[in-house]
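Colleague: Spelled out, the chains give:
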Amino acid sequence: MSQEISGISLEDALLNLDELAASCNVSREWVIEHVQCGVLLENADSDPTLWVFGSQSLIRARRILALEKDFDSNPELAGLVADLLEEIEYLRKSSSTKV
Amino acid sequence: MEFKDYYKTLGVSRDASAEEIKKAFRRLARKYHPDVSKVADAEQKMKEVNEAYTVLSDPEKRAAYDQLGHGYQAGREFRPPPNWDTDFEFSGRGFSGTQASDFSDFFSELFGGMGGSAHQAHKHTRGEDHHAKIMLDLEDTYRGASRRLTLRIPRVDNNGQIKLAEHIINVRIPKGVHEGQVIRLAGQGGPGMVGTPAGDLFLEVHFNPHARYRVEKKDVYAALPVTPWEAALGATVTLPVPDGQVEVRIPEGSQTGRKLRLKDRGIPAATPGDLYLVLEVVLPPATTPKAKEIYQGMARELAFDPRKKMGV
Chain A
1 MSQEISGISL EDALLNLDEL AASCNVSREW VIEHVQCGVL LENADSDPTL
51 WVFGSQSLIR ARRILALEKD FDSNPELAGL VADLLEEIEY LRKSSSTKV
Chain B
100 MEFKDYYKTL GVSRDASAEE IKKAFRRLAR KYHPDVSKVA DAEQKMKEVN
150 EAYTVLSDPE KRAAYDQLGH GYQAGREFRP PPNWDTDFEF SGRGFSGTQA
200 SDFSDFFSEL FGGMGGSAHQ AHKHTRGEDH HAKIMLDLED TYRGASRRLT
250 LRIPRVDNNG QIKLAEHIIN VRIPKGVHEG QVIRLAGQGG PGMVGTPAGD
300 LFLEVHFNPH ARYRVEKKDV YAALPVTPWE AALGATVTLP VPDGQVEVRI
350 PEGSQTGRKL RLKDRGIPAA TPGDLYLVLE VVLPPATTPK AKEIYQGMAR
400 ELAFDPRKKM GV
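Quick mapping for you: the protein sequence lines, in order, are chains A and B. Numbering-wise, the working numbering puts 91 at position 91 of the first sequence, and it's gapless, one number per residue. Numbering-wise, the working numbering puts 382 at position 283 of the second sequence, and it's gapless, one number per residue.
Excised from the complex, chain A in its bound form (with noise of 0.2 Å):
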């Protein structure tokens, strides 16, 4: 039996910037590219190295890698499909259960 390997919440340990990065398999230009453009990291510091990313920027820029490969979409679209992902996905939940 191996031995149990502990996960740890991204909230509680945030990427930065090369995290990120490495984490899409991007380079850390594409990352600033979409932090710049508004559609990862809302209000961002001006200043990279204060970047931290949390679980919904991982799951958002991975996202947006992907629709910009499969449809060569720029950047500002594939931002706006994931707005409305986002948005769908939210509703579902919420619609899902009478409660």
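Simulated crosslink set (DSS-like; lysine-lysine; CA at most 30 Å straight-line): (1) Lys232(B) / Lys121(B); (2) Lys93(A) / Lys358(B); (3) Lys69(A) / Lys121(B); (4) Lys69(A) / Lys107(B); (5) Lys316(B) / Lys274(B); (6) Lys144(B) / Lys107(B); (7) Lys69(A) / Lys146(B); (8) Lys362(B) / Lys93(A).
Chain B regions said to be covered by chain A (calculated; three or more residues, Cβ under 8 Å): (9) 224-237; (10) 265-273; (11) 280-287; (12) 301-307.
Since the hints were derived computationally from the structure, they do not count as laboratory data. It should be emphasised that the depicted structure is a prediction, and the values quoted were computed from it without experimental measurement. C-beta atoms are modelled at their ideal positions from N, C-alpha and C, and glycine is treated no differently.
Could you slot chain B onto chain A? The hints should help.
Modeller: Only chain B this time, still in chain A's reference frame:
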């Protein structure tokens, strides 16, 4: 191993142009997009489409596949001849290990040697990070949970071929995780090149639908059925909650839809969420003469009209 007809997967002819292949891929990528598709097995379909496109969009891989697949049909038993790929020089525009774990054995048998892990979009000083989803029950987040995961990890064998190996790990999920949160498992991603550490594994948390609870961020909602007299007169009732049971005071004069907030009894994160009990007044059935008599008595005595304000 079954032969895969990548042309059929994308619905294009064998002499399709690169542009036609791209168009077909995009159309299917839209159709099977896992987040919006209504097709039942969209996620699996999307993987197949991705695999087919990875091969057919790359001129080298496509040429190799065409030569090899000549005369084969989808689903037929297939085994590539030894060293079949020696005539092709692959430039290393391969695929990432993350992709490879999604692809079929057919793909990894054929293209596993073609600049797999040697290829990286970016220079890495460590193994690749991998991503997966994990389904939990709501109760798991109240207690913390252990899960046994079987991962398909691409490994480079002695011949430089990439093979998918099954890797079982036991994972401790921390208490207090919520929907959409990502858990990081250090060193459980792709293997590093010689002398470099392995990447990490990121698990995206989702909850199985629960018959009684709905989760919104860190808050949990549950219906609380009450009798008309409990709602009207007030009462103390006992009910189960995800971490045990509680006694709740129903305020006098409550109606269906009233929310009772139990502070900090939602998901037990660092800043815990709240548990909301939504009252639902349930009428006793009027199936016996006695019950009918009581309802008739109420109708006579209470002179109550809930439609009074509707002006009829």
